[in-house]
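Number of protein chains: 2
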Amino acid sequence: MGKVVAGASMSLDGYVAGPDQSGFEHLFDWYNNGDVAMPVGGEGTRLDLKMSQVSASRFTELIQATGALVVGRFLYDQTNGWDGEHPMQCPVVVLTHNPPEQHSEHFVFVTEGIEAAVAKAKEIAGDKNVGLNSGTITRQALDAGLVDELEVDLVPVILGGGTPFFGAIANVPVKLQGPVSVIEGTGVTHLSYLVTKG
Amino acid sequence: MGKVVAGASMSLDGYVAGPDQSGFEHLFDWYNNGDVAMPVGGEGTRLDLKMSQVSASRFTELIQATGALVVGRFLYDQTNGWDGEHPMQCPVVVLTHNPPEQHSEHFVFVTEGIEAAVAKAKEIAGDKNVGLNSGTITRQALDAGLVDELEVDLVPVILGGGTPFFGAIANVPVKLQGPVSVIEGTGVTHLSYLVTKG
Numbered sequence: 010m011g012k013v014v015a016g017a018s019m020s021l022d023g024y025v026a027g028p029d030q031s032g033f034e035h036l037f038d039w040y041n042n043g044d045v046a047m048p049v050g051g052e053g054t055r056l057d058l059k060m061s062q063v064s065a066s067r068f069t070e071l072i073q074a075t076g077a078l079v080v081g082r083f084l085y086d087q088t089n090g091w092d093g094e095h096p097m098q099c100p101v102v103v104l105t106h107n108p109p110e111q112h113s114e115h116f117v118f119v120t121e122g123i124e125a126a127v128a129k130a131k132e133i134a135g136d137k138n139v140g141l142n143s144g145t146i147t148r149q150a151l152d153a154g155l156v157d158e159l160e161v162d163l164v165p166v167i168l169g170g171g172t173p174f175f176g177a178i179a180n181v182p183v184k185l186q187g188p189v190s191v192i193e194g195t196g197v198t199h200l201s202y203l204v205t206k207g
Numbered sequence: 010m011g012k013v014v015a016g017a018s019m020s021l022d023g024y025v026a027g028p029d030q031s032g033f034e035h036l037f038d039w040y041n042n043g044d045v046a047m048p049v050g051g052e053g054t055r056l057d058l059k060m061s062q063v064s065a066s067r068f069t070e071l072i073q074a075t076g077a078l079v080v081g082r083f084l085y086d087q088t089n090g091w092d093g094e095h096p097m098q099c100p101v102v103v104l105t106h107n108p109p110e111q112h113s114e115h116f117v118f119v120t121e122g123i124e125a126a127v128a129k130a131k132e133i134a135g136d137k138n139v140g141l142n143s144g145t146i147t148r149q150a151l152d153a154g155l156v157d158e159l160e161v162d163l164v165p166v167i168l169g170g171g172t173p174f175f176g177a178i179a180n181v182p183v184k185l186q187g188p189v190s191v192i193e194g195t196g197v198t199h200l201s202y203l204v205t206k207g
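Residue numbers (our numbering), protein chains in the order written: chain P, 10 to 207; chain Y, 10 to 207.
One should not assume that every hint holds.
Claimed, not checked - Below, a list of computed lysine-lysine pairs in the DSS-like style, where the Cα atoms sit at most 30 Å apart: (1) P:K59 with Y:K206; (2) P:K59 with P:K206; (3) Y:K137 with P:K59; (4) Y:K12 with Y:K59; (5) P:K12 with P:K59; (6) Y:K59 with Y:K184; (7) P:K184 with P:K137; (8) P:K184 with Y:K59; (9) P:K206 with P:K12; (10) P:K206 with Y:K59; (11) P:K129 with P:K184; (12) P:K184 with P:K206.
The set of hints was computed from the structure by calculation and includes no laboratory data.
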C-alpha cells in the first residue's frame with residue numbers, strides 16, 4: 010500500500026497562491042530556472058520544463074512514485090481539467106459536489122467527501138502513492154487524519170496573503186517528524202515531513 | 010555597520026504563536042531538546058537551555074553577532090520586560106506609543122515609528138547586527154525596506170492559526186535570496202535568507 014502525500018510549492022509565509030491568484034511566477038520559478046529538460050504531460054498537454062539537476066531528480070522520483078492524485082474542483086476548473094490529462098500523466102480523482110457531464114477518461118469524480126476520494130485514489134494507485142493538491146484538499150485530509158507525508162517545495166518569497174497551503178485546520182497542532190529530507194534546489198528548498206499519527 | 014536581521018521560531022504554516030498564544034511548547038522545543046548546555050540571561054533572569062550541538066553553535070553565533078534588539082510593546086509586556094534583562098543580554102529598543110514610567114536600564118523606548126527604532130538600535134549596536142522580534146515589528150520593518158536578512162527557525166508543526174511571522178505585508182511580493190544557509194538541528198531547520206532590495 011502506498012502513502013498519502015500532500016505536496017505544494019509554498020512561499021516562506023505559507024501560501025500556495027498569492028492575493029487574487031497572483032505569485033505563480035515566483036512559486037513555480039524553479040520549474041523553469043535550470044538547464045535540465047523535464048518534459049511532462051502527454052500529447053497535446055506537453056510542457057517542456059527546465060529545472061536544476063537536483064529538482065529534476067526529485068521531480069522524476071515524485072512522478073514515478075505517484076499512482077493517482079486527489080484534487081479539488083477549483084483546481085480542476087482553474088486548469089480547465091488540464092486540457093484532458095494531468096501533466097504527471099496519472100489518473101486524477103476530483104472531489105466535487107457537482108461532477109461535470111463530460112470529462113476526459115483520465116479523471117474520476119467523487120462526491121462523498123475526502124475519505125471516499127482518498128480511498129478511490131488508493132484503489133487506483135495500488136502500490137504507488139496518492140498525491141494531494143492543494144490547500145483545501147490538504148486541509149480536509151489532515152483533519153481526517155489521512156495524510157502520511159508532506160512534501161513542501163519552499164520558495165524564497167513572501168506573498169503576504171492569498172491561499173494558504175494548510176489553512177484553518179481544526180485538529181491542531183499537527184505534529185510532524187523531520188524534515189526527513191532536505192534537498193536544496195535553485196530557488197527552492199525541497200522539504201519532506203512525516204505526519205505524526207494519533 | 011551591522012545588518013538588520015529579523016528572526017523567529019516559526020511553524021511550517023508560518024506562525025510564531027498558535028491560536029490564543031498557544032503552541033510555544035512546540036515552537037521552542039528545540040531550545041531544550043538536546044544535551045549541550047546553553048545558559049542565557051543574566052543574574053535573576055538566567056535560563057538553562059539544553060540544545061543540540063548544531064543549534065547551540067548557531068545560537069551562540071547569533072548572540073555574539075547581535076548588538077541590539079528591536080521589539081514591540083506586546084512582547085515586552087508579555088514577558089514582563091524579561092524581568093529586567095533580555096536573555097540575549099543586549100540592549101533592547103522597544104517601539105511603543107506609551108513608554109512606561111519606570112523600566113530597567115537595559116531598555117530604550119522609541120515612539121517615532123519603526124525607522125526611528127531601527128536607527129536607534131543601529132546606533133547602539135555599532136558594528137554588530139540589529140535583531141528584530143517578532144511578527145509586527147518584522148512586518149513594519151519589511152514594509153519600510155529596513156530588513157537585510159531573515160533567520161527562520163522552521164519547526165515541524167502546523168499550528169493552524171495564531172500570529173503570523175510575516176502577516177499582511179503591504180509591499181509584496183518580498184523577493185528573497187537563498188536560503189544562503191540551511192542548518193538541520195533536532196526538531197528545527199535553521200534557514201537564512203537575504204532580502205532582495207529595490
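Hint check results:
1. P:K59 with Y:K206: Holds - the C-alpha atoms of K206 (chain Y) and K59 (chain P) are around 27 Å apart, at most 30 Å.
2. P:K59 with P:K206: violated, 37 Å
3. Y:K137 with P:K59: violated, 41 Å
4. Y:K12 with Y:K59: Holds, at about 28 Å.
5. P:K12 with P:K59: holds, 28 Å
6. Y:K59 with Y:K184: Since the Cα atoms of K59 (chain Y) and K184 (chain Y) sit roughly 35 Å apart, the hinted pair is violated (cutoff 30 Å).
7. P:K184 with P:K137: The given pair, whose Cα atoms are some 25 Å apart, holds under the 30 Å limit.
8. P:K184 with Y:K59: holds, 21 Å
9. P:K206 with P:K12: holds, 13 Å
10. P:K206 with Y:K59: Holds, because 27 Å separates the two Cα atoms, which is no more than 30 Å.
11. P:K129 with P:K184: holds, 26 Å
12. P:K184 with P:K206: holds, 8 Å
When each numbered hint is compared with the structure, violations occur for hints 2, 3, 6.
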